[in-house]
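Novice: This is what each chain is made of:
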Amino acid sequence: MSENTNANKDYAVIGKSVPRIDGREKVTGAAKYTGDLSFPNMLYGKILTSPYAHARIISIDTVEAEKLPGVKAVITHKDVPTLKYGISPARWDENIFCIDKVRFVGDKVAAVACIDEKTCYEAMKLIKVEYEVLPAALDFLTAMDEGQPQVHDEYPNNINTEIHQEFGDVEQAFKDAHYVRTDRFLGQRTYHSPIEPHSAISMWQDGKLTIYSSTQSPHYFQHYIAREFDMKMGDVRVLKTYVGGGFGGKLEPTGLEFAGAVLARITGRPVKMFYDRHEMFAHNRGRHAQYMEITTGVDKDGKILGCHANFKMDGGAYTSLGIASAYYAGALLPLTYEFDNYKFDMFRVYTNLPACGAQRGHGAPQPKYAFECHLDEIAKDLGIDPIEIRIRNARRPNTVTPNEFGVNSCEIKSCLEMARDMSGWVEKKGKLPKGRGIGVATGSFVSGAGYPIYRTNLPHAAAMIKVAEDGTAATLYTGAVDIGQGSDTVLSQMAAEAMGFVYEQMKIVAADTETTPHDFGAYASRQTLMSGAAVKQAGEEIKAQLLDMAAVILQRDPSDLEVKAGVIYSRTDSSVTLSFADAAKEFFVRRGPLVGKGSYAPPKLGGKFKGAAVGTSPAYSFCAQISEVQIDEETGVIDVLDVWDVHDCGMVINPGLLHGQVHGALYMGLGESIWEQVLFDKNGKLVNGNLGEYRLPTALDMPRVHSGLIDSYEPAGPWGVKEVGEGSTNPTMGCFANAIYDAMGVRINSLPLTYEKVWKALKEKRELEQKQNK
Amino acid sequence: MNKDISLVVNGEARYINVPADKTLLDMIREDLNLKGTKKGCDAGDCGACTVLLDAEPVNSCLVLAVEAANKEVTTIEGLAKGGELHPIQAAFIKHGAVQCGFCTPGMVLAAKAILDKNPNPSVEEIKEGIAGNFCRCTGYKKIVDAVLASGRNIQG
Ligand code: FES
Ligand code: FES
Chain V
1 MSENTNANKD YAVIGKSVPR IDGREKVTGA AKYTGDLSFP NMLYGKILTS PYAHARIISI
61 DTVEAEKLPG VKAVITHKDV PTLKYGISPA RWDENIFCID KVRFVGDKVA AVACIDEKTC
121 YEAMKLIKVE YEVLPAALDF LTAMDEGQPQ VHDEYPNNIN TEIHQEFGDV EQAFKDAHYV
181 RTDRFLGQRT YHSPIEPHSA ISMWQDGKLT IYSSTQSPHY FQHYIAREFD MKMGDVRVLK
241 TYVGGGFGGK LEPTGLEFAG AVLARITGRP VKMFYDRHEM FAHNRGRHAQ YMEITTGVDK
301 DGKILGCHAN FKMDGGAYTS LGIASAYYAG ALLPLTYEFD NYKFDMFRVY TNLPACGAQR
361 GHGAPQPKYA FECHLDEIAK DLGIDPIEIR IRNARRPNTV TPNEFGVNSC EIKSCLEMAR
421 DMSGWVEKKG KLPKGRGIGV ATGSFVSGAG YPIYRTNLPH AAAMIKVAED GTAATLYTGA
481 VDIGQGSDTV LSQMAAEAMG FVYEQMKIVA ADTETTPHDF GAYASRQTLM SGAAVKQAGE
541 EIKAQLLDMA AVILQRDPSD LEVKAGVIYS RTDSSVTLSF ADAAKEFFVR RGPLVGKGSY
601 APPKLGGKFK GAAVGTSPAY SFCAQISEVQ IDEETGVIDV LDVWDVHDCG MVINPGLLHG
661 QVHGALYMGL GESIWEQVLF DKNGKLVNGN LGEYRLPTAL DMPRVHSGLI DSYEPAGPWG
721 VKEVGEGSTN PTMGCFANAI YDAMGVRINS LPLTYEKVWK ALKEKRELEQ KQNK
Chain P
1 MNKDISLVVN GEARYINVPA DKTLLDMIRE DLNLKGTKKG CDAGDCGACT VLLDAEPVNS
61 CLVLAVEAAN KEVTTIEGLA KGGELHPIQA AFIKHGAVQC GFCTPGMVLA AKAILDKNPN
121 PSVEEIKEGI AGNFCRCTGY KKIVDAVLAS GRNIQG
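So the protein sequences, as listed, match chains V and P. For the first sequence, my numbering puts the final residue at 774, and the numbers step up evenly by one. For the second sequence, my numbering puts the final residue at 156, and the numbers step up evenly by one.
Chain V extracted, bound-state conformation:
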């Protein structure tokens, strides 16, 4: 176990399941989301999209639409900047509106601003777009072949990203191996499906633009909006209200902000833009479909000697965050197990389908599914228990991965052992009745990305705290973004702890590029560690000033004083106390506002090879999952009974919120494991662009969830924290696939692990057995 320097500490505020800071507003319906806001004279806007997967735009005629009463503006590519954009600076390939051709069903063609929503839909029907339909590239496995339709002329053979990395000597490792095995898997497209649809309200005043947006990162929006319109960042304000879930889908500009900003400028009125549910699916940016071939060589004890991951991803029509997704897919694979020789090949391929991007666990869950299935196959072939082979290969603390990620705290071995004990693995494995099975898998994830999405030397997070004049309350100003995960609560707890104050009197102003200090936002599970580090520093600055003041008031040496939970006291004389509020008030009277500030930048991380930055992080979380399933042999129906998740996520600031993150991540992982899948017809049109047919799991689909924690301390994080929100999605699909195999002896090599696939595999297995028996 790593040294836990929190073990003997007695914290007043952190480590406790305080209620959410926004709980009351949310349960009473008072919490305002962007779509709930309205402004005087506000117009409504919608984007007209392409009905074809691939077509040349011959002409766009907006005359009839403009004549419709209630229509205030109609815009096309002629009315907006033609500068290409994208969240990934390595490949800007999107335009606000398509200029020469459309590249997927849902590509943006024009937009309208009208007095109400109804008029928007009518106006869009009156815009006449003439298309010349082109053959489309819809299958990512063949899109690179000669003669396939080209999605972007600039990118021959539809290659968006190509990666070839090798660390150590994989060939030699395979030669030295006792056993080498190759398996192939397929992962499906999924979609984040936050329950709140995307929306954005844009308005101008004196040449300055303000956008309210349901976003995971006001900063990146501000950066890209300023770039697109050639404005100073200081003239663009982006702020969020409450955000109804993101999961990666609200990290990049959606097009609503660009179109809305132009419509608002032309009309001189605020414009509210939104996506309806179908449009959300069409815009997408969810998880890539992915083909994964993995070859691994092991010694006779099952110790991994080398591994080759050879992947291909369906990028869809644009880059989105996909370059990072492609790198992540391979970069995070060597985290949970230790081996020296690793080779990673990847093509991310353009197709005429909606673009894919970052979804919870970014790039990692599907490769993890593949690898965890593959490892179980190896264990079976060698006659080793699945948990045993994982323990033998488990990464140890203070090690370095073959791709040069430094891992500090790492309790994966303890996670496996605890999950084994909690689940009753030893009593169950191999002893369950037919149809019932148990499976295991591991996962790991970054606690914030080591480098920002675009090149900049800005710190990754910053924070400010202001104590009220009478000292009875304090406000934390942070650019961190609460999208539901609870960062407002956790950061307020951290601020109170660092200041020696109480949580109940904390207030927070967050995620507004004008009033709060810079932070990159909610992605890559970064905020507890990175934003938290900035908040801790700001709180400590308050504390130092406060104690300095108290020393004057009490006429004692500042080093003799300490403050905790709103009370200043002497370390040596228990009769000496002073309230936080009295000292803070006196500070204001004598010295002016009591404010503290902090910022955080990670150390320089990673190696020097191409793509070395992706996957670097100051710290990595680890977890093990075990699941138990019951399969109906006749129908293939999978009943998920129990899941045990054990996490090593460093010091826990709020156990209640943390377990909530685990439950949510598991829920998403479960949906992707068995039901969820974005489907298209042969023309590239969405066939299940709604929540019912997409098959989001309901309460009835959920297993019993048991989540456990390993005591750990991460030296790179404030108070020893690291991530939890995404890591729990990583093992889930592999865990279920392994449980299904254990139950029925059939290996489902593609996601989702549907009832039908199980049924078919069982049927094939029976037929094969019958044949062999003859």
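Everything labelled a hint here was simulated from the structure, so no lab data went into it. We put the CB at the ideal spot given by N, CA and C, even for glycine. The reader is advised that the hints may include incorrect statements.
Unchecked claim - Here are the computed lysine to aspartate or glutamate pairs in the EDC-like style, where the Cα-Cα straight-line distance is at most 16 Å:
{"#": "1", "chain 1": "V", "residue 1": "Lys118", "chain 2": "P", "residue 2": "Glu30"}
{"#": "2", "chain 1": "P", "residue 1": "Lys94", "chain 2": "V", "residue 2": "Glu504"}
{"#": "3", "chain 1": "V", "residue 1": "Lys32", "chain 2": "P", "residue 2": "Glu12"}
To be verified - Derived DEER-like restraints, expressed as beta-carbon distance ranges:
{"#": "4", "chain 1": "V", "residue 1": "Asp681", "chain 2": "P", "residue 2": "Glu84", "range": "29 to 37 Å"}
{"#": "5", "chain 1": "V", "residue 1": "Lys67", "chain 2": "P", "residue 2": "Ala43", "range": "24 to 32 Å"}
{"#": "6", "chain 1": "V", "residue 1": "Leu37", "chain 2": "P", "residue 2": "Val8", "range": "25 to 33 Å"}
{"#": "7", "chain 1": "P", "residue 1": "Ala131", "chain 2": "V", "residue 2": "Leu641", "range": "14 to 22 Å"}
{"#": "8", "chain 1": "P", "residue 1": "Ala131", "chain 2": "V", "residue 2": "Asp632", "range": "43 to 51 Å"}
{"#": "9", "chain 1": "P", "residue 1": "Val123", "chain 2": "V", "residue 2": "Lys380", "range": "47 to 55 Å"}
Given chain V's structure and the hints, the job is docking chain P with the ligands onto it.
Specialist: Positioned in the frame of chain V, the structure of chain P with the ligands alone reads:
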């Protein structure tokens, strides 16, 4: 074509002139300016728009406003009384059943409908009662816990 309707919303009599094709959801959000009722899909899939219509939970995006004429509508704004949270609301906070909060108003009303009929529901009955309400954040576990606990609470 518009119609005049009268109805009771959160205990108050309201007279509204609404287009015949307007949904109850849009009337609640636009005409009554009660933004606590959410629109997640406008298609009857998500349950974010759940309100009680004469004590029955409905997806208000699937009900026409005129169908609410002479009926009683309860939205999330109608639950807390005099600044005091309804026990279900308090339980949602206490048990951590809220994350992003977008499903919460609908979920709380669905829970109320369950408990109004059966103050002591089983876990299965709760799951069935909220099966029409999607939550993308919580995995439902803490929501079920909160409903279980508030059932006990309300009973005393
Ligand atoms: S908005 Fe009514 S069910 Fe989704
Ligand atoms: S709390 Fe986010 S959808 Fe339920």
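Novice: Now, for every hint given, state plainly whether the structure supports it.
Specialist: Hint check:
For the proposed pair Lys118/V and Glu30/P, the alpha carbon gap of about 13 Å is at most 16 Å, so the pair holds. Pair hint Lys94/P plus Glu504/V holds up; C-alpha atoms about 15 Å apart against a cutoff of 16 Å. A hinted pair counts as satisfied when its Cα atoms are at most 16 Å apart, and Lys32/V with Glu12/P does not qualify at roughly 23 Å. Between Asp681/V and Glu84/P, the C-beta spacing of about 53 Å breaks the proposed range 29 to 37 Å.
Taken as a hint, the range 24 to 32 Å holds for the pair Lys67/V and Ala43/P, whose Cβ atoms sit roughly 31 Å apart. The beta-carbon spacing between Leu37/V and Val8/P, approximately 28 Å, falls within the hinted interval of 25 to 33 Å. A hinted range of 14 to 22 Å holds for the C-beta pair Ala131/P and Leu641/V, which are about 18 Å apart. A C-beta distance of roughly 20 Å is found between Ala131/P and Asp632/V, which places it outside the suggested range of 43 to 51 Å.
Distance hint check: the CB atoms of Val123/P and Lys380/V are about 36 Å apart, inconsistent with the given range 47 to 55 Å.
Consistency note: the structure conflicts with the earlier hints numbered 3, 4, 8 and 9.
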